[in-house]
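Residue numbering for the sequence shown follows the UniProt record's numbering, starting at 1 and increasing by one per position.
Check each hint, because a few of them may be wrong.
Derived CB-CB ranges, DEER-like [to be verified]: (1) R47 / E92: 31 to 37 Å; (2) D114 / S12: 16 to 22 Å; (3) A21 / R63: 17 to 23 Å; (4) N18 / S46: 24 to 30 Å; (5) L26 / E93: 28 to 34 Å; (6) P2 / T118: 16 to 22 Å; (7) E25 / R96: 29 to 35 Å; (8) E17 / T66: 18 to 24 Å; (9) V14 / S64: 14 to 20 Å; (10) N88 / A21: 17 to 23 Å.
Once the Cα atoms are required to be at most 16 Å apart in a straight line, the calculated EDC-like pairs of lysine to aspartate or glutamate come out as [stated by the list, open to error]: (11) K109 / E92; (12) K5 / D37; (13) K109 / E30; (14) K109 / D11; (15) K5 / D48; (16) K109 / E17; (17) K5 / E24; (18) K5 / E92; (19) K5 / E30.
Just so you know, the hints here were simulated from the structure itself, not pulled from any lab data. Note that CB positions come from ideal geometry on N, CA and C, so glycine has one too.
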Amino acid sequence: MPALKAFIVEDSPVILENLVATLEELAQVEVVGSVADEAGAVRWMSRDPEANADLFIVDVFLRSGTGLGVLQAAQQLGVRARRVVLTNYATEEMRRRCASLGAERVFDKSRELDDLITYCAELAEHVAPRPAAAAS
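Kindly generate the complete structure, drawing on both the sequences and the hints.
Below, the structure is given as C-alpha cells:
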C-alpha cells in the first residue's frame, strides 16, 4: 500500500523531528519535505502543485510569514493536496480563519496530536497509487 505523502511547514526543529517520526511510524506517512517559513512553503508548492504531496501540515506561527499565508498561497496556486493546521493557537476564530483558507482540519498541538495521527492514518488507507515517474 502506498504511503500518504506529507509536506510539513513547522519552525520548531524538535516538534518537526518528533512529528515526522510519529507519523512515519504510526500512520503510514512518508514526509517528502519540510520548511520553517512561508516563503519556503510557497516555493515548494509552486514547483508542481499537482504532484508534490497528498497532505500539507501547517503551523500558524512560523520563522517568517504565517501558516495563514501558506494556506492562502495554496488556494491561489490551485494546490489539490489536503491541508490541515497543527498549532498551539487553535482558538475558534483561528479554526474559522483556517477553514476559510481551505484547511480541512485544525489540530491543537497540545491536545489533539492523537487526532492528527488518526486523521493521517485514515487518509493513508485511501491513497491511490501514484504512476511511476518516467525515466530520463
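Hint-by-hint comparison with the structure:
{"no.": "1", "hint": "R47 / E92: 31 to 37 Å", "in the structure": "34 Å, holds"}
{"no.": "2", "hint": "D114 / S12: 16 to 22 Å", "in the structure": "19 Å, holds"}
{"no.": "3", "hint": "A21 / R63: 17 to 23 Å", "in the structure": "21 Å, holds"}
{"no.": "4", "hint": "N18 / S46: 24 to 30 Å", "in the structure": "28 Å, holds"}
{"no.": "5", "hint": "L26 / E93: 28 to 34 Å", "in the structure": "31 Å, holds"}
{"no.": "6", "hint": "P2 / T118: 16 to 22 Å", "in the structure": "19 Å, holds"}
{"no.": "7", "hint": "E25 / R96: 29 to 35 Å", "in the structure": "33 Å, holds"}
{"no.": "8", "hint": "E17 / T66: 18 to 24 Å", "in the structure": "22 Å, holds"}
{"no.": "9", "hint": "V14 / S64: 14 to 20 Å", "in the structure": "19 Å, holds"}
{"no.": "10", "hint": "N88 / A21: 17 to 23 Å", "in the structure": "20 Å, holds"}
{"no.": "11", "hint": "K109 / E92", "in the structure": "15 Å, holds"}
{"no.": "12", "hint": "K5 / D37", "in the structure": "20 Å, violated"}
{"no.": "13", "hint": "K109 / E30", "in the structure": "20 Å, violated"}
{"no.": "14", "hint": "K109 / D11", "in the structure": "13 Å, holds"}
{"no.": "15", "hint": "K5 / D48", "in the structure": "14 Å, holds"}
{"no.": "16", "hint": "K109 / E17", "in the structure": "14 Å, holds"}
{"no.": "17", "hint": "K5 / E24", "in the structure": "10 Å, holds"}
{"no.": "18", "hint": "K5 / E92", "in the structure": "28 Å, violated"}
{"no.": "19", "hint": "K5 / E30", "in the structure": "5 Å, holds"}
Against the hints set out earlier in the document, violations occur for numbers 12, 13, 18.
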